[in-house]
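So you can see what is in the structure, the chains are spelled out below.
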Amino acid sequence: RGGGSPSSDFKGFTLLMPAVSVGNVGQLAIDLVISTFNMTKVGYFYTDCLVPMVGNNPYATAEENSMELSINAEVYSLPSKKLVVLQIRSPFIKNKYRPFCQTLLSWVKSSKCDRVIVLSSSHAYQCDDEQLLGTPLRYLLTPDLEKAVGGLMQELNWKEMEKVAAYPGINDKVLHIPGGGITKLLFTESCSKGIQMAVLLKFCSEGDNIPDAFALVNYLNEWHQLIKSEVNTSSQWKIPSSWRLLFGNGLPPALF
Amino acid sequence: MATFFGEVVVAPSRAGVDEEEEAREETPEDREIRRELEKKREIDIFWTLKSGSTTESSADEPVVCSKFIVAIGRNAAAFLSSFILDSVCWEVVGVVKLWNEWCRTSSTTNVLPTDSFCLFYRLISDPTVWLCQCSCYVAEDQQFQWLEKVFGRMRKEGLQVTILSTCPVADYKTQESTLTLPSPFLKALKTKEFKEQVCCPLLEQPNIVRDLPAA
Numbered sequence: 077r078g079g080g081s082p083s084s085d086f087k088g089f090t091l092l093m094p095a096v097s098v099g100n101v102g103q104l105a106i107d108l109v110i111s112t113f114n115m116t117k118v119g120y121f122y123t124d125c126l127v128p129m130v131g132n133n134p135y136a137t138a139e140e141n142s143m144e145l146s147i148n149a150e151v152y153s154l155p156s157k158k159l160v161v162l163q164i165r166s167p168f169i170k171n172k173y174r175p176f177c178q179t180l181l182s183w184v185k186s187s188k189c190d191r192v193i194v195l196s197s198s199h200a201y202q203c204d205d206e207q208l209l210g211t212p213l214r215y216l217l218t219p220d221l222e223k224a225v226g227g228l229m230q231e232l233n234w235k236e237m238e239k240v241a242a243y244p245g246i247n248d249k250v251l252h253i254p255g256g257g258i259t260k261l262l263f264t265e266s267c268s269k270g271i272q273m274a275v276l277l278k279f280c281s282e283g284d285n286i287p288d289a290f291a292l293v294n295y296l297n298e299w300h301q302l303i304k305s306e307v308n309t310s311s312q313w314k315i316p317s318s319w320r321l322l323f324g325n326g327l328p329p330a331l332f
Numbered sequence: 028m029a030t031f032f033g034e035v036v037v038a039p040s041r042a043g044v045d046e047e048e049e050a051r052e053e054t055p056e057d058r059e060i061r062r063e064l065e066k067k068r069e070i071d072i073f074w075t076l077k078s079g080s081t082t083e084s085s086a087d088e089p090v091v092c093s094k095f096i097v098a099i100g101r102n103a104a105a106f107l108s109s110f111i112l113d114s115v116c117w118e119v120v121g122v123v124k125l126w127n128e129w130c131r132t133s134s135t136t137n138v139l140p141t142d143s144f145c146l147f148y149r150l151i152s153d154p155t156v157w158l159c160q161c162s163c164y165v166a167e168d169q170q171f172q173w174l175e176k177v178f179g180r181m182r183k184e185g186l187q188v189t190i191l192s193t194c195p196v197a198d199y200k201t202q203e204s205t206l207t208l209p210s211p212f213l214k215a216l217k218t219k220e221f222k223e224q225v226c227c228p229l230l231e232q233p234n235i236v237r238d239l240p241a242a
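Protein sequence lines correspond, in order, to chains A and B. My numbering puts the first residue of the first sequence at 77, with every later residue one more than the last. My numbering puts the first residue of the second sequence at 28, with every later residue one more than the last.
Hints should not be assumed to be uniformly reliable.
List of simulated lysine-lysine pairs, DSSO-like, C-alpha gap at most 30 Å [unchecked claim]: (1) A:LYS314 x A:LYS235; (2) A:LYS117 x B:LYS217; (3) A:LYS172 x B:LYS124.
Just so you know, the hints here were simulated from the structure itself, not pulled from any lab data. Just so it is clear, the structure is predicted and the values come from calculations on it, not from any experiment.
Generate coordinates for the entire structure from the input sequences, incorporating the hints supplied.
Right, dumping it as structure tokens:
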């Protein structure tokens, strides 16, 4: 804890983090993970790359634990599941997303995290006809992680994020994640740095993205089994108290 | 922006980063333009800690400060002007010069209440007590710089910081409608190191503070 990046040793841990992306789905999904497992805050990033914000504890369950301050980039851990989670709560300042990615990936290396999972989303309106049918969930694996878990993805019957033509009519295909924020940059940088990274993303649009967050966190759960997948997995995730009033205040009685 | 029924409007995404725009490689000209803009957006602080002379902030000894009250925004700055500041007990010790799309401040300390300015004052009878009136808007990319340059000047041990700011009642998230809420009202955030009694209720989730007060 303290100024600078948290310099704890997370050897063997999986880092779970969101991309600030369309519908904030990754961030909402991370909120569900932190809230459900009552994760302990272990540090924060003191960074000039994100818009500053502060508030009281977003995962408060009672008066006693409601008074801890919370800022824009905080790290939580759950040693029992070898999980360390980064939550990002505000957008990137213009031109600062690249330095943030660099700082983040060098922290991943120095803290010895085993692998990184990025929860993200992409604009649904960019889906082609084929993508509109079937599941809206996709995954990506860096080559280093592909070697370790590629087979598992086949067993789970997951769909890999399709590459698209760089220009209409050109056969050369590239990775394109519209609305994904820093997802593509993190992924391509991790490929070249030999970091084991997986991206789990959902096609969605802006609106009430709570169902999208549940879908994404359940998708993660198919792989990592954080909670037992019984009949109704969704009901086992605990919604944090800060999700209250996402769509505005109560109405003035004088309106009616 | 008015739209007619059936018109497709591209909504601004909360993702923030426009991938197409950001994915372009930066040309040397782009880099030069960006550097010039960054230089223009740099914050300069002029300290007048020794009476008379005005010098740019330099790597001097950090100043001992016991209390630092920062008023951010016109309302908070006006509060300090009306109830606390006067030319007998307080002296100006610093001024911030900055530029952004919303406002420009100058290095003059002779300001009108309607100007945009950011001034630092010190209590003459106890020079460890400082005040800051910041009525100008400090942009997102300047907030960290402001923070580092201001607090970099002060010794942090034994320092108590109080930040005064205002927000529109309409932004306050509450179960009832804000129309019936008695206003104005006070809410506070405090660090766990702050042991004194707070004079008003704490800010409940999901309300947050952003920008310079948050920084």
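- Message: Does B:LYS124 sit within 30 Å of A:LYS172, going by the straight-line distance between their CA atoms?
- Response: holds (23 Å)
- Is the Cα-Cα distance between A:LYS314 and A:LYS235 30 Å or less? Status holds; Cα separation ~27 Å.
- Can the restraint linking A:LYS117 and B:LYS217 be considered satisfied, given a maximum Cα separation of 30 Å? holds (18 Å)
Consistency with the previously given hints is maintained throughout, with no hint failing.
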